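**Q** Start from chain A and add chain B according to the hints.
These protein sequence lines map, in sequence, to chains A and B. If you count by the numbering used here, then the first sequence holds residues 37 to 98, one letter each, in order. If you count by the numbering used here, then the second sequence holds residues 50 to 274, one letter each, in order.
Derived from the structure by calculation, the hints contain no laboratory data. Predicted, not measured: the structure shown is a model, and the values here were computed from it. For glycine and all other residues, C-beta sits at the position ideal for the given N, C-alpha and C. Keep in mind that the hints are not guaranteed to be accurate.
[As the list claims (entries may be wrong)] Stretches of chain B that chain A covers, calculated by requiring three or more beta carbons in the stretch to come under 8 Å of a beta carbon on chain A: (1) 99-107; (2) 121-130.
[Said to hold, decoys possible] Computed spacing ranges between beta-carbons, pair by pair: (3) B:Glu205 <-> A:Asn56: 22 to 30 Å; (4) B:Gly81 <-> A:Asn41: 40 to 48 Å; (5) B:Gln246 <-> A:Asn56: 24 to 32 Å; (6) B:Ser66 <-> A:Asn56: 27 to 35 Å; (7) B:Lys138 <-> A:Pro42: 36 to 44 Å; (8) A:Glu43 <-> B:Asp137: 39 to 47 Å; (9) A:Asn56 <-> B:Pro92: 22 to 30 Å; (10) B:Gly81 <-> A:Glu43: 37 to 45 Å; (11) B:Asp130 <-> A:Asn41: 41 to 49 Å; (12) B:Arg180 <-> A:Asn41: 33 to 41 Å; (13) A:Pro42 <-> B:Ala141: 35 to 43 Å; (14) B:Ile212 <-> A:Pro42: 22 to 30 Å.
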Amino acid sequence: MRELNPEETSLLELVDRLLNKGVVLAGEATISVAGVDLIYLGLNLVLGAVETFEKAQERRAS
Amino acid sequence: MTLIAHAIAAAPRASLSHRGLRGRPLSWSEIGGLGLWSTEWDPDVKLERPDALEHHQLVERICAAQPCLPVRFGTAFATSDAALESLDKRAAALRAALTRVAGKSELALTLLWHEVPAPAAPEATGGPGRRYMEQRRADYGAREGRRARAESMVEELIAQLAIERPLIWHETCTSASVAVSFAALVPTEQALERKAQLEGIAARFSDVLPVVNGPWPPYTFARIE
Chain A
37 MRELNPEETS
47 LLELVDRLLN
57 KGVVLAGEAT
67 ISVAGVDLIY
77 LGLNLVLGAV
87 ETFEKAQERR
97 AS
Chain B
50 MTLIAHAIAA
60 APRASLSHRG
70 LRGRPLSWSE
80 IGGLGLWSTE
90 WDPDVKLERP
100 DALEHHQLVE
110 RICAAQPCLP
120 VRFGTAFATS
130 DAALESLDKR
140 AAALRAALTR
150 VAGKSELALT
160 LLWHEVPAPA
170 APEATGGPGR
180 RYMEQRRADY
190 GAREGRRARA
200 ESMVEELIAQ
210 LAIERPLIWH
220 ETCTSASVAV
230 SFAALVPTEQ
240 ALERKAQLEG
250 IAARFSDVLP
260 VVNGPWPPYT
270 FARIE
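Okay, chain A solo, but in the shape it has when bound (with noise of 0.2 Å):
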């Protein structure tokens, strides 16, 4: 398993709130908004995430 980065850490820490943080005001429905999986959605926010890092990084060190 490759080990976390800074940014990737920050990215992480954030989407941690914004998903599992914060007021609940109704419990099912935060799950089944609009048919989307958020747990499928913090993931996909945070592997977009780094794949944009690791794009910009190969950008920066060719």
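**A** Here is chain B on its own, set in the frame of chain A:
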């Protein structure tokens, strides 16, 4: 028309632009001195990844304009009446939480282990059952040692920051890489100074890499019972 909730604040509403998620109208619904900031949304449109980060930016904008409680991303209401009913049911707890976070921001610190050690190899004596048990004991000892070290770093952070425990949240050893995930609620006007202090304290821990984030809205401290 659905409402995607962003933040709760006390009335009166702050003066904000009317731009919500994806440029849709940002609305304010109010009941009993409390209000909900939300985006008017078409229920047929799915939320996507960029919406989560835009929600964060909206919450930051609202919290900069007036004390607010961030709402968990993805919370939706079918109507304004449904949103107001939900607020009204929790009014006392929401008011108490608003008082707790007013004028404060959250700082986040993650401590990443520099190295994730391989499990210690037990002595190659005895039979397979004994070796298995020795391995388990070695793994358990290593894990407990790391947890104790992580807890000691948390105690040092709290002592050095001289901050009350209700204004702190933390978890330790949540994954192989993460030693500590820590959040502190600090006065907004001192947030950058406290962030520098937090960076300075964390930099003295030789076995971890510190990552400091924020100040950002008080996500971790917005929970209501």
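**Q** None of the hints should be skipped; say for each whether it holds.
**A** The hints, checked one at a time:
1. A stretch counts as covered by a chain when three or more of its residues have a beta carbon under 8 Å from one of that chain; for the region 99-107 of chain B and chain A the count is 4, and the coverage holds.
2. By the rule of at least three residues with a Cβ nearer than 8 Å to a Cβ of chain A, the coverage given for the region 121-130 of chain B holds, with 6 such residues.
3. Roughly 26 Å separates the CB atoms of Glu205 (chain B) and Asn56 (chain A), a value that falls within the hinted 22 to 30 Å.
4. For Gly81 (chain B) and Asn41 (chain A), the Cβ-Cβ distance of about 47 Å falls inside the hinted range of 40 to 48 Å, so the restraint holds.
5. The hint said 24 to 32 Å for the Cβ distance between Gln246 (chain B) and Asn56 (chain A), and at roughly 27 Å that hint holds.
6. Between Ser66 (chain B) and Asn56 (chain A) the beta carbon distance is about 29 Å. The supplied range of 27 to 35 Å therefore holds.
7. In this structure, Lys138 (chain B) and Pro42 (chain A) meet the distance hint of 36 to 44 Å, their C-beta atoms being roughly 41 Å apart.
8. Under the hint 39 to 47 Å, the C-beta atoms of Glu43 (chain A) and Asp137 (chain B), about 42 Å apart, fit the expected range.
9. Taken as a hint, the range 22 to 30 Å holds for the pair Asn56 (chain A) and Pro92 (chain B), whose Cβ atoms sit roughly 24 Å apart.
10. With their beta carbons about 43 Å apart, Gly81 (chain B) and Glu43 (chain A) fall inside the hinted range of 37 to 45 Å.
11. The hinted window of 41 to 49 Å between Asp130 (chain B) and Asn41 (chain A) holds, with their beta carbons roughly 46 Å apart.
12. Distance hint check for Arg180 (chain B) and Asn41 (chain A): the Cβ-Cβ separation is about 36 Å, which falls inside the suggested range of 33 to 41 Å.
13. Against the hinted window of 35 to 43 Å, the Cβ-Cβ separation of Pro42 (chain A) and Ala141 (chain B) comes to about 40 Å, which satisfies the hint.
14. Distance hint check for Ile212 (chain B) and Pro42 (chain A): the Cβ-Cβ separation is about 24 Å, which falls inside the suggested range of 22 to 30 Å.
In this structure, every one of the numbered hints holds.
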